[in-house]
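Engineer: Just so you know, the protein sequences line up as chains A and B, in that order. Heads up: the first sequence is residues 3 to 150, going by this note's numbering. Heads up: the second sequence is residues 4 to 143, going by this note's numbering.
Warning: the hint list may mix true and false statements.
Only pairs whose alpha carbons sit at most 27 Å apart, straight line, appear in this in silico DSS-like list of lysine-lysine [what the hints assert, rightly or not]:
(1) B/K35 / B/K94
(2) B/K114 / A/K9
(3) A/K123 / B/K35
(4) B/K94 / A/K9
(5) B/K114 / B/K67
(6) B/K10 / B/K94
(7) A/K121 / B/K35
(8) B/K114 / B/K94
(9) B/K94 / A/K121
(10) A/K117 / A/K9
(11) B/K10 / B/K67
(12) B/K10 / B/K114
(13) A/K9 / A/K123
(14) B/K70 / B/K114
(15) B/K70 / A/K9
(16) A/K121 / A/K9
(17) B/K70 / B/K10
(18) B/K70 / B/K94
(19) B/K10 / A/K9
Keep in mind that the hints were calculated from the coordinates and are not lab data.
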Amino acid sequence: MSSNGLKIELGRRYRFSASHRLHSDQLSAEQNSRVYGKCNNPHGHGHNYILEINVSGTVDPATGMIANLTDLDAFVDREVISAFDHRSLNDEIPVFRDHVPTTENVCIEIYQRLKHFPKAKLERVRVEETGNNSFEYAGEEVTDRRAV
Amino acid sequence: MVYLTRKIEFSASHLYHNPAMSAEENQRVFGKCNNPHGHGHNYSLEVTVAGEPDPVTGMVLDLKELKEILDREIVQRMDHRHLNYEVPELKNQIPTCENISRVIWNLLEPKITQGHLFKVRLYETPDLFAEVFRNGARPS
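Given only the sequences and the hints, what does the whole structure look like? Please build it.
Structural biologist: Here it is as structure tokens:
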């Protein structure tokens, strides 16, 4: 509810585990190795990702909710978790066949998949690749998701 | 502008039930949160105050004072309480994270007179939270 000029957002965290390899076809083998380091190792590696999303909307006075968690969880599971969890991002998520699956690009892809949630407005996507690094995306226009 | 955040915890019980809806509808909408005897959570609350540090003290506001405000307004009111029955500010509201965080904002905002309340983030579990801030203020 936006009463008194206040904005309320609902935040929810999810988890998925996936493998990836950072490699750009536009770079030479030496450049790939220099730019991506061990993330360029040919057979890839994996992470336990944490996905945090914020949605906003009117708090329904009958339920006290911006969105029912059952609906939100089912949508996120269908659009993201079931597609990403225990998968190879490079091989099994179509967009990463020609985009490098950095966590920046993972954020953008997840945003694109979740922005049509019908019950509330997607405000922000935040992805933790490890406990020490995280990335956020709030839907600004990005024209080219290639790493270089 | 400097943003100062303090975290507190409180434990409370609640249940979700709208008397205007049938028993079946309550069960369908609220699921296990509708169980009649309620259940509880360890809530974690992060309160962010924005302001300029005082040139003499170097503080946006005295943390001790913020701690006292949070203790008086939130902990004493909500800790080890049943939110449906013992917190008058939540009367006739479903005590969801959204509604509790708004009540917390409304309790705290007038009490914080050095700097201003910038954001309230209330965790019901580590994977579920609500945030309140002024329209147009970007959450940090």
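Engineer: Decide, hint by hint, whether the structure agrees.
Structural biologist: Each hint tested on the structure:
Taken as a hint, the B/K35 and B/K94 pair is honoured in the structure, with Cα atoms around 21 Å apart against an allowance of 27 Å. The hinted pair formed by B/K114 and A/K9 meets the criterion: a straight-line CA distance of about 20 Å does not exceed 27 Å. Taken as a hint, the A/K123 and B/K35 pair is honoured in the structure, with Cα atoms around 26 Å apart against an allowance of 27 Å. With a C-alpha separation of about 21 Å, the suggested pair B/K94 and A/K9 falls inside the 27 Å cut-off, and the hint holds.
A C-alpha spacing of about 14 Å is found between B/K114 and B/K67, which places the hinted pair at or below 27 Å, so the restraint holds. For the suggested pair B/K10 and B/K94, the alpha carbons sit about 25 Å apart, so the restraint of at most 27 Å is met. A C-alpha spacing of about 21 Å is found between A/K121 and B/K35, which places the hinted pair at or below 27 Å, so the restraint holds. Restraint check: the Cα-Cα separation between B/K114 and B/K94 comes to about 22 Å, which is no more than 27 Å; the hinted pair holds.
About 26 Å separates the Cα atoms of B/K94 and A/K121, which keeps this hinted pair within 27 Å; it holds. Distance check on the hinted pair: A/K117 and A/K9 sit about 19 Å apart at the alpha-carbon level, within 27 Å; holds. A distance of roughly 13 Å separates the Cα atoms of B/K10 and B/K67; the hinted pair therefore holds under the 27 Å criterion. A C-alpha spacing of about 17 Å is found between B/K10 and B/K114, which places the hinted pair at or below 27 Å, so the restraint holds.
Distance check on the hinted pair: A/K9 and A/K123 sit about 12 Å apart at the alpha-carbon level, within 27 Å; holds. Between B/K70 and B/K114 the CA atoms are separated by roughly 12 Å; this keeps the pair inside 27 Å, and the hint holds. Under the criterion of a C-alpha separation no larger than 27 Å, the hint pairing B/K70 with A/K9 is consistent with the structure, at around 25 Å. The hinted pair formed by A/K121 and A/K9 meets the criterion: a straight-line CA distance of about 16 Å does not exceed 27 Å.
Of the supplied pair hints, the one linking B/K70 and B/K10 holds, its CA atoms being roughly 9 Å apart against a limit of 27 Å. Between the alpha carbons of B/K70 and B/K94 the distance comes to roughly 26 Å, so the proposed pair stays at or under 27 Å and holds. For the proposed pair B/K10 and A/K9, the alpha carbon gap of about 21 Å is at most 27 Å, so the pair holds.
The structure shown violates none of the earlier numbered hints.
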